[in-house]
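Q: Read top to bottom, the protein sequences are chains A and B.
Heads up: the first sequence is residues 1 to 387, going by the numbering used here.
Heads up: the second sequence is residues 1 to 248, going by the numbering used here.
Note that these hints are calculated values from the structure, not bench results.
A couple of the hints might just be wrong.
[As the list claims (entries may be wrong)] According to the in silico footprint, chain B covers these stretches of chain A (three or more CB under 8 Å from chain B):
1. 3-9
2. 290-300
3. 371-380
If you're wondering where the values come from, they're calculated on a predicted model, not measured in any experiment.
Using N, Cα and C, we set each Cβ at its ideal position, and we do this for glycine too.
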Amino acid sequence: MKFAPFVFANLRRNPLRTLLTASAILLAVLLVCILLTMPAGLDGFFERVTNNTRISVHNKAGIVYQMPYSFTRKVRQLDGVAAAISQSWFGGAFEEEGRVSFPNFAVEAEHVGSVYPDYNVPQQQLEDFKRYRDGMIVGQATMKKYGWKIGDRVTLRSTVYPLNLDLRVVGEIPNSTPVAWINREYLDQALKSAGRGGLGVTGVIWARVSDPNRVNEIMRAIDEMSRNSESETATETEKSFFSSFFGSLQGFARIILLVTGLVALCIVFIAANTASMGVRERAPEIAVLKAIGFSRRVIFGTILAEAVLLSSVAGGLGVLVALGLTRMLHQASTWNQQLGPLASFMLTPAVLIQGLFLALFVGMLAGIAPSFGAARKPVVQALHEVF
Amino acid sequence: MIHVEHISRSYQRGVEEVHALVNVSLEIASGHFVAFMGPSGSGKSTLLNIVAGIDRPTEGWVTVAGRHLNDLDEDETAQWRARHVGLIFQFFNLIPVLSARENVALPLLLTHLDRGERRRRAETALRVVGLSERADHSPKTLSGGEQQRVAIARAIVTDPDLIVADEPTGDLDARNAEEILALLRRLTDDFGKTIVMVTHDPRALRFVDDALHLDKGVLLEGAAAERAAEAIRIAAGGGLTTGAEGAP
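I would like the entire structure built from these sequences, with the hints used as guidance.
A: In structure tokens:
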């Protein structure tokens, strides 16, 4: 501890350089901490929005391929399936925007409540959805985005089928989802009126299993049921479905983590270079310190302590800023539904400790080579080189 | 105090072997102020480094204050220097980010003294060199002479047995050089310090007890030493007397 003032004084030697190095370390640790929240954040997001008893059934060839609508009934009749619903992409674009700005599907109104009980759509609104063929239930995010309220009339132009549907908002899904459901029967009749032969297919079938312990068994049974048919199915849990759906996002997260690692490595090199420059500039002083009796251990320790102290303080600040930022996003997500998924990106104690260790590691790695170089040189050689 | 027995120091410079010192023997009594003099490359700095425990001879033995320096490894000599040797350099070599007091207290960091005692001793050393009122100044605000005084205070703060000075007046003007030489003389007279100094400065002859002359790594004796001393006196314009009796 008695060398601490000496170490602090050396850090004040070139304030601009110290500040710039500290800023680089701070930003690196901040970046790493934020990005380390991604895998856990994505997982948390999927956990939050999915249900462990809901499974999806889609065409084995891919989600864009359809399945016969009749398969929905077969799934519904399977032992252990509490409810099932057909879901077809309508691709409706809000007339004022001209593009699909929120996901909207045609579903069977009578099965919404039984497949999605966890969505907590009020019973009266579910009843209205069944009663009005042109009814539409809309997620809270989309309701807020457009300022819609129950009773409003909206026209959606399908980007899949050549028709427009006039719809009436009859319910609201009280969570942050942007999804909207329209009545499948309404779409079916509109297609028939347009001479398109009705909606005989479905994109995805969502089924709710009565017993969580039987999920795997029922998924296997559904796929077995479609084996050797024209539309073989692939069944998976809701979490797995969304994870696959956002699979590219997870790949992106992995790439970002890799880049983050490289950035951290670059910061190590920058910090090591700065420490080396500092040691080179102070070569005469270090030679004098050795001459007056500073041992190799003390020289090594004080120079390393400088690098570790700088890195730890900067890294600690980086962690604090990351903590502040994620908390701010979490707070923001409570009043801005668009930021909903960001609520899952929280700095856990594990990430916090990883950030601090990274800072310590950067300091150690950056300081060890110049400290060792300065310490190991014999005093007479050090004096000869500088005087 | 200092016993040097038949030491030689050689080192490789590329393919060439350089003999910096050849079979040098000398004795310096405790409380004496001695100068090593000679032309560049004569081996005086090498001899000073060996006496200070900074360098070690290729052959021969060195004993300082009863300690055989040949027996010590790098860390042990560092420890020994911290306790027994005060060093003064030509270019002062103060730490620019520390105040004068902190610079002086630097060697005390290697002791077990507490902070208050380190501060007290640093202030005492600064008082001895006449710089009490400049204790809080940073080196860059001090003149060359003042910086060298701080360096001297740093050299004496641990109360060492031996003070070694390498060209302590080499970077100073005439007035400051005289003041520094007088201060070193006073350290011998008032505090009984043994001082060994390398210098080219003929003025030093008025302040030292003895001047040892080296040439091409050999310690000159007898007539050769006399001729070297005479050459220095002539170079200085004559009239200088060798020995402490000439000191103010």
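Q: It remains to establish, for every hint, whether it holds in the given structure.
A: Structure-based check of each hint:
1. 3-9: The restraint on the stretch 3-9 of chain A holds, since 4 of its residues have a Cβ under 8 Å from chain B and three suffice.
2. 290-300: Since 9 is at least three, the answer is holds.
3. 371-380: holds (count 3)
Taken one by one, the earlier hints all hold for this structure without exception.
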